[in-house]
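Novice: Now for the letters of each chain:
There are 2 protein chains.
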Amino acid sequence: MSDAYNLLIERIKSINTLSSIAFLLDWDQEVLMPEKGVFARTQQMSLIAGLSHKRLISDETQSLLENAEDAQLNELQQANVREIRRIFDRQARIPTKLVRELAETSTNAKGIWAKARERVNFEEFSPALTKMIELKRRVADCVGYADEPYDALLDEYEPYAKTKDIETLFADLGSKTAALLRTIEQATDKPDASILNRHYPQQRQETLCRQLLEVLNFDFSSGRVDTSVHPFCTTIGGPGDVRITTRYLENFIPSSLFGTMHECGHALYEQGLPIEHLYTPLGEFASLGLHESQSRFWENCIGRSLSFWKAHYNKVKTAFPNVLSDASVEQWYGAINHVTPSFIRVEADELTYNLHIVLRFELERAMIRGDLDAKSVPAAWNEKFEKLLGIVPPNDREGCLQDIHWSMGLIGYFPTYTLGNLYAAQLLEKMKVDMPDFDELVTRSELKPILNWLRENIHRQGRRYRASTLIQNITGKPVSIEPFMNYVTAKISTVYGL
Amino acid sequence: MSDAYNLLIERIKSINTLSSIAFLLDWDQEVLMPEKGVFARTQQMSLIAGLSHKRLISDETQSLLENAEDAQLNELQQANVREIRRIFDRQARIPTKLVRELAETSTNAKGIWAKARERVNFEEFSPALTKMIELKRRVADCVGYADEPYDALLDEYEPYAKTKDIETLFADLGSKTAALLRTIEQATDKPDASILNRHYPQQRQETLCRQLLEVLNFDFSSGRVDTSVHPFCTTIGGPGDVRITTRYLENFIPSSLFGTMHECGHALYEQGLPIEHLYTPLGEFASLGLHESQSRFWENCIGRSLSFWKAHYNKVKTAFPNVLSDASVEQWYGAINHVTPSFIRVEADELTYNLHIVLRFELERAMIRGDLDAKSVPAAWNEKFEKLLGIVPPNDREGCLQDIHWSMGLIGYFPTYTLGNLYAAQLLEKMKVDMPDFDELVTRSELKPILNWLRENIHRQGRRYRASTLIQNITGKPVSIEPFMNYVTAKISTVYGL
Chain A
0 MSDAYNLLIE RIKSINTLSS IAFLLDWDQE VLMPEKGVFA RTQQMSLIAG
50 LSHKRLISDE TQSLLENAED AQLNELQQAN VREIRRIFDR QARIPTKLVR
100 ELAETSTNAK GIWAKARERV NFEEFSPALT KMIELKRRVA DCVGYADEPY
150 DALLDEYEPY AKTKDIETLF ADLGSKTAAL LRTIEQATDK PDASILNRHY
200 PQQRQETLCR QLLEVLNFDF SSGRVDTSVH PFCTTIGGPG DVRITTRYLE
250 NFIPSSLFGT MHECGHALYE QGLPIEHLYT PLGEFASLGL HESQSRFWEN
300 CIGRSLSFWK AHYNKVKTAF PNVLSDASVE QWYGAINHVT PSFIRVEADE
350 LTYNLHIVLR FELERAMIRG DLDAKSVPAA WNEKFEKLLG IVPPNDREGC
400 LQDIHWSMGL IGYFPTYTLG NLYAAQLLEK MKVDMPDFDE LVTRSELKPI
450 LNWLRENIHR QGRRYRASTL IQNITGKPVS IEPFMNYVTA KISTVYGL
Chain B
0 MSDAYNLLIE RIKSINTLSS IAFLLDWDQE VLMPEKGVFA RTQQMSLIAG
50 LSHKRLISDE TQSLLENAED AQLNELQQAN VREIRRIFDR QARIPTKLVR
100 ELAETSTNAK GIWAKARERV NFEEFSPALT KMIELKRRVA DCVGYADEPY
150 DALLDEYEPY AKTKDIETLF ADLGSKTAAL LRTIEQATDK PDASILNRHY
200 PQQRQETLCR QLLEVLNFDF SSGRVDTSVH PFCTTIGGPG DVRITTRYLE
250 NFIPSSLFGT MHECGHALYE QGLPIEHLYT PLGEFASLGL HESQSRFWEN
300 CIGRSLSFWK AHYNKVKTAF PNVLSDASVE QWYGAINHVT PSFIRVEADE
350 LTYNLHIVLR FELERAMIRG DLDAKSVPAA WNEKFEKLLG IVPPNDREGC
400 LQDIHWSMGL IGYFPTYTLG NLYAAQLLEK MKVDMPDFDE LVTRSELKPI
450 LNWLRENIHR QGRRYRASTL IQNITGKPVS IEPFMNYVTA KISTVYGL
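Residue numbers (numbering that gives the first Met the number 0), protein chains in the order written: chain A, 0 to 497; chain B, 0 to 497.
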């Protein structure tokens, strides 16, 4: 082992330990902090962000990094140093003052967004969004980019990805989705989704969600489940402390059910990361797209499959006696795979979901380019929504105020959701080759071999490879929309009797 | 305003912001962190402790402090600088390495203590206690002391207090308490406390505690109530984020009821501190003894008074229909003021409570002196317990394993509990002179004027004065045991018909 390497790793671990505290500050604010705590919390967040940034880009870190790069390293060490260099170069270009300003603005803007959303008043949020866009544009200018500023932001969440590739992928996906939607419209045998809108008492939903988490092998000794306005997953202390949240709608059960399975997928990835590399890049997820592939895999590829519900539909029936006594498992399966344009992204079906992402991608790209100002977002949103999905949100709460992302400065983040859908389908395709009894395993509720496949191929790899390389290594081909289109077309054909 | 002063204050604010994060890390660990989170949490705690210590004792802080001391300052500024100097001098003598070792040992030892307590196995905890005593003894040696090492530890919690004064005060209090106990033993008209051991379902206790918190003017927009093994109050983000915990015993209602009012008293102090001095000494409590005076005031002087229950006993009856239908408010008052030697400090009556403190004070002082080793604590505890209270704990869970304090390194802390009892009684005495209709206010549940008296005289003063000076200023005389003995004797006379 090289001393130079160890010294660098020690430094990085201490910086990442510090950063990890910000995740607790944030989780606490989302889940349970009292209202008036926001004043002090803003200062705490800003301080941690500033301190860890300053320590990362310090001369000390730089010289440790240079020494490690000159040392004899094995392949794993090389990967770790490569990723540290990547983060260092990116962060060193952003002034600490801007980092702190971002942290403060985000902490404040989240509160403003939550209130504006509650009161369905976009104007309350508009100035905060303007400020955030301006800050993120400044980040892009500091970091630098080849084609357009959005590249610099996208790269933070999906390393090495390019806006123009996303644009091409999304254009193809958009037109094929539109074609499939037209076919569905003409189908005569449509599933009845109204059974999902019956009355499902919250407490029973909570119990059911907990059961499903156990089925999916969520490790409760290394995590928690709580309630928040916007469901999320966060890692507070490495694989040993991974927390998810969900929300409950008594007249729409998929919200908690699939939200929980979705966040559980994220959590399984985090709980499976190599703890021996805690607080170094090798101990982190490869990209947000890959992260999303894990959540979408468990939410959709497993959680919306007929095989899965053959094993677990009884749990739903038991949780809500008499509510579903007239509905067979096939009807349930049809309902949860019912495809129809709707307003809320996190509750959209698998097919139209990607159109929600295309919309957000186009809007935020325009904002960062300077082609769209915050004030005009509601109008632009509604116009584009109608074009893509054929419907117009009745208000901004169900329109442009629904997501927390922009308030937090997560701009360039949305495309990773659709990348996740594509990765998940491509992984599923390969998994079924490796495990020919895949469907039988799911029906028998033997999900451990499936989790282990993901653990070995993805989770245990941490950030050793780029996401695109990892997908290529595992599946033998580059990322494309074909596996997803095949997967979703096949499912829709069975549900709609096409 | 002096520039030198402002620069110092800015520095101190940033250091205290950092330290405040440790309170969230700690609260989270106590209340809801998943089991396997402890590995990363230990590192997070150690890092924050080390960083804030390093920043406090840095040359930069020192020179800012010296500049501020040379500047022209008003009285408030002088007080702030005086207290910063006090903390600086103390902390500068403790090496950062020792501070981090303490933080790590404490985070680990808390977990070990909780398990040992659960399994009623002192031996599991003994090595951690040995280690902690050794570290605290090293702290005392670094800080320095005039008479004995315990002085250096006591001073952390009750600034300017001396072991020998505590010893004198406690000796007097101990003998007067023993005499009063003998009188009680001979009383023929003893209250029946068994009504407190009836079945009180937890959920209804929770509702009742919430109602009482509202009665006591706890500000829920600036705080939370949760459950933990050992009830506590902690301040995470200044007066805007003050959190208390409690615990529920279904067959002993005083545990949650008076525990909640106790922690609420602490919270009211914190919620009332001057936010304009947030993260500087002027914005902090004066001493832990004074803090405890606030909790004991609301728990005992208010919460165990007949006036209070004349207004609120109906709430208890409503919360538990039929459980107390045979008990009058006078019987309830008698039961909650029943005096009898018992094992658990936090559930002890007002009179014998102080004997629990005398015991802990003597044991920890002996440990720090080197006269008692950790291994011998159970035997020493039981022997002393019998001498002071006439009974022997049936096991260590109800004996020397009951308190979290030693595991956290809180040694020199226990005496502040009894100081709090003395301060509270002395404040009450003066309050009744200032507000002759005090009892009527309580009976009418008009507690705002009482809270405002405390706000003005104590809370808003922050750390402007030493605790002993503040008590002298408010009551016109130095701290003594007389007001407490008068208060407790009068109460016992009514309860026991003496």
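The set of hints was computed from the structure by calculation and includes no laboratory data. Treat the hints loosely; a few may be bogus.
Which copy is meant is left open, because identical chains are indistinguishable; a pair holds if it fits in one copy or across any two.
Calculated pairs, SDA-like style, for lysine to any residue (alpha carbon to alpha carbon, straight line, at most 20 Å) [claimed, not checked]: (1) Lys96 with Ser125; (2) Lys429 with Ile390; (3) Lys53 with Asn15; (4) Lys130 with Arg81; (5) Lys309 with Tyr495; (6) Lys429 with Trp452; (7) Lys12 with Thr351; (8) Lys53 with Arg203; (9) Lys12 with Lys53; (10) Lys12 with Phe38; (11) Lys53 with Ser13; (12) Lys114 with Ser220; (13) Lys12 with Lys96.
Novice: Give a verdict on every hint.
Specialist: Results for each hint:
1. Lys96 with Ser125: neither (23 Å within a copy, 48 Å between copies)
2. Lys429 with Ile390: neither (36 Å within a copy, 71 Å between copies)
3. Lys53 with Asn15: Classified as both: same-chain Cα gap 12 Å, cross-chain 19 Å, threshold 20 Å.
4. Lys130 with Arg81: Classified as neither; 33 Å inside a copy, 41 Å across copies.
5. Lys309 with Tyr495: within (19 Å within a copy, 69 Å between copies)
6. Lys429 with Trp452: within (11 Å within a copy, 72 Å between copies)
7. Lys12 with Thr351: neither (41 Å within a copy, 50 Å between copies)
8. Lys53 with Arg203: neither (47 Å within a copy, 50 Å between copies)
9. Lys12 with Lys53: Intra 14 Å, inter 18 Å, cutoff 20 Å: intra and inter.
10. Lys12 with Phe38: So Lys12 and Phe38 pass the 20 Å test across copies only (14 Å; inside, 29 Å).
11. Lys53 with Ser13: Both: 12 Å inside a copy, 15 Å across copies.
12. Lys114 with Ser220: between (34 Å within a copy, 15 Å between copies)
13. Lys12 with Lys96: The answer is between: 18 Å across copies meets 20 Å, while 23 Å in one copy does not.
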